[in-house]
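J.: Below, each chain spelled out in residue letters.
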Amino acid sequence: MSAQMTGAKMVVQALIDQGVDTVFGYPGGAVLPIYDEVFQQNSIRHVLVRHEQGAIHAAEGYARATGKVGVALVTSGPGATNAVTGLTDALMDSIPLVVFSGQVPTFMIGSDAFQEADTVGITRPCTKHNWLVKDTEKLSNTIHEAFHVAASGRPGPVLVDIPKDVQFAAADYTAPRAMTSHYRPQVKGDIEGITDLVKAIETAKKPIFYTGGGVINSGPAASQLLRELVDGTGFPITSTLMGLGAYPASGDNWLGMLGMHGLYESNMAMHDCDLMINIGARFDDRITGRIDAFSPNSKKVHIDVDPSSINKVIRTDIAIVGDVAHVLEDVLKVWKSRGRKTDRAGLDEWWAQIADWKTVNCLAYTQEGKTIRPQYAVERLEALTKHRKDRFISTEVGQHQMWAAQYMGFDDPNRWMTSGGLGTMGYGFPASIGVQMGHPDALVINVAGEASWLMNMQELGTAVQYRLPVKQFILNNERLGMVRQWQELLHGERYSSSWSEALPDFVKLAEAFGAKGICVSDPDDLDDAIMEMLDHDGPVIFDCLVEKHENCFPMIPSGKAHNEMLLGEAETQGVIDSKGSVLV
Amino acid sequence: MSALNIKKGSTSHSAYNLRPTFSDTEERHTLAVLVENEPGVLARVIGLFSGRGYNIESLTVAEVDHTGHLSRITIVTTGTPQVINQITAQLGRIVPVHEVHDLTVEGHSVERELALFKVSGKGEDRVEALRLADVFRARVVDSTLESFVFEITGTPEKIDAFADLMRPIGLVEMARTGVAALARGAK
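If you read the protein sequences in the order shown, they are chains R and U. First residue of the first sequence? That's 1 in our numbering, and the numbers climb one at a time after it. First residue of the second sequence? That's 1 in our numbering, and the numbers climb one at a time after it.
Chain R on its own, in the form it takes in the complex (with noise of 0.2 Å):
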């Protein structure tokens, strides 16, 4: 079916049949015809941000919540290169977006025009791919090719550059069709591999599953398979930043996060394992700490869709190619049919000594005083909202983050928003907002550090005109808190330029904006105050002034391994080498 239609009103069509409700963006002269189409129509809405890196934040966010792919649409110059670090973050967490942007008409192109950038230039190293398009007859079919690279594979962002021309021009429209795209990601795994994976699961004395982003990426069923293989198999488990929600924290088998703040059970089962099977994460430097002390004496599993991250960092014994679904659907098949077998005897005495490193107890701490510790207000905050089933969790970067993985327990996948890999301060927020506009009736929270939240505080506007009552809890130490702890550890206590002098009075700036601001500083008044943002119908900026030298722990320090945790304050002298300190 083909219709003649403007460039302009072709991309609106693509996404309509491609799907999408949802579009985030800010207009400006080179996207102005693709403006002009929103204007002209009802089936997509299209959220205004106030800054281009929002829109891909808050795209982010949506396609995190939804599943979905995330669209933005931006201008040329400015336009673009505002995007940049929202691609590199959603590149590094392997997000799927399809963002739009304008650029100067093709007859232009080299000239340096205004707002002229060479964007698929400049953004072809933080996209999964990109395309300019330079001729109508070209667009429809590179808007769904662009659609099905994003979501199919690995995940990732991708871009259309469109130039003016192109979008005032008009050729016939191609709706989607069965992809006659070269692009097939093998999504299937080999089942050599699956086989000895299910021979390993069914000797291991002390086995660990070590789960990631690539579990939600692979869709709701990928979750389901695993807590059924986990649940079957009675083998303990632990997560990536990125993966939280994959297994419930509320699990038998669950025993929190892992990595450089990671639980000390996590650190000291991945540290001690003889079966490490790895699923949908990439043994990113913040898991494996010191690489040659990494899990010396375990037999690696790696099942992951993407084959360039097989052997990258940690040398794979068994390596699974595949998309994870599809894999751990062969594996309980297999597993199934040679008669779910198991060493029980060996993971008995797996798990006492897994319960043995529990009794130390390495989150606690003690709230007295006058001063709110974060740790509690985290705690509260999840007391406070955890009965919740509609409950969606954003963060910023820093100590906040990690408490947040720490003392947050998720129950699904697709409820826990974070910048993982490329740790862009500025994410949360938006984010929050990407996520509300999915889930409109649902509880957004953006657990935040006041400095992170900054970054992108205009999206306050956005909130407010949407109506989108995401909450802005925000744990207000008045340092960068993350950068002031490494400079305790590793600077001498330098303070080089990581505390906050002119802070705004945020709950003025909430009333500003037209928002509700709360302030609280006692932690008797902590539980009436979350209670009044919960029930607030409306976007709140919840100010919460806690103890402003917290350090987060428990934590790997750099250049050490797994089984090196620092516990708290009392070990944290001398213990980072010369070496170590050139590591982040």
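Note that these hints are calculated values from the structure, not bench results. As the structure is a prediction and not an experimental result, all values here were calculated from the model. A virtual CB, placed ideally from N, CA and C, is assigned to each residue, including glycine. Wrong hints could be hidden among the right ones.
[Claimed, not checked] Beta-carbon label-pair distances, calculated as ranges: (1) U/A163 x R/V334: 52 to 62 Å; (2) R/D411 x U/S58: 33 to 43 Å; (3) R/V582 x U/T25: 46 to 56 Å; (4) R/E564 x U/L116: 54 to 64 Å; (5) R/D21 x U/P39: 30 to 40 Å; (6) R/T106 x U/L132: 45 to 55 Å; (7) R/E532 x U/L42: 55 to 65 Å; (8) R/T106 x U/S143: 26 to 36 Å; (9) U/S58 x R/I291: 47 to 57 Å; (10) R/Q4 x U/E26: 55 to 65 Å; (11) R/W351 x U/G53: 39 to 49 Å; (12) R/P220 x U/S58: 19 to 29 Å.
We have chain R; now place chain U onto it with these hints.
T.: Frame of chain R; chain U shown alone:
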């Protein structure tokens, strides 16, 4: 066929598990990459190498299938086996890349490079240059009373050897194409 479906065999390996992946020895490998002939595809390949810190010893590219819109990029690179595996896997991940072949491990292959040498000199040096060119089967493609331009085809090693001999005789300038390579055999 993607990089990962490389047939296992006596002289070849899968992308991961047959060679000592984490050996520290640097190896020289020739990779053949079939790509969609579209704007920017070479920039993607080169950007991958520079962005991830891989080496390029030589690189050639030209369209090889006009109707199918395919170009062939031949890359000679060095690295440890782990790095080489990463390179092939990362190349395979680029959307317009159709196939990646590590010719060095997939079996025997032939490699050829073409070079042009400008050699200037008089008297005995001119005679010697012609004599050496004959030994190396280089052809004279331009001549003045004081110079020759030779065309030579061969492996990079042969061209290196020819350059070493020509240098004292009066090598002025040379241009090399980089390696083009094909697997031996019927397929």
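J.: Take the hints in turn and mark each one as holding or not.
T.: These are the hints, each one checked on the structure:
1. U/A163 x R/V334: 52 to 62 Å: With Cβ atoms ~58 Å apart, the hint holds.
2. R/D411 x U/S58: 33 to 43 Å: 55 Å, violated
3. R/V582 x U/T25: 46 to 56 Å: 26 Å, violated
4. R/E564 x U/L116: 54 to 64 Å: Since the Cβ atoms of R/E564 and U/L116 sit about 60 Å apart, the hinted range of 54 to 64 Å holds.
5. R/D21 x U/P39: 30 to 40 Å: 33 Å, holds
6. R/T106 x U/L132: 45 to 55 Å: For U/L132 against R/T106, whose Cβ atoms are near 53 Å apart, the range 45 to 55 Å holds.
7. R/E532 x U/L42: 55 to 65 Å: 59 Å, holds
8. R/T106 x U/S143: 26 to 36 Å: With Cβ atoms ~47 Å apart, the hint is violated.
9. U/S58 x R/I291: 47 to 57 Å: 32 Å, violated
10. R/Q4 x U/E26: 55 to 65 Å: Given a distance of about 58 Å, which is inside 55 to 65 Å, the answer is holds.
11. R/W351 x U/G53: 39 to 49 Å: 43 Å, holds
12. R/P220 x U/S58: 19 to 29 Å: Taking Cβ atoms as reference, R/P220 and U/S58 lie about 48 Å apart, which means the hint is violated.
Hint check: violations occur at hints 2, 3, 8, 9, 12; the rest are consistent with the structure.
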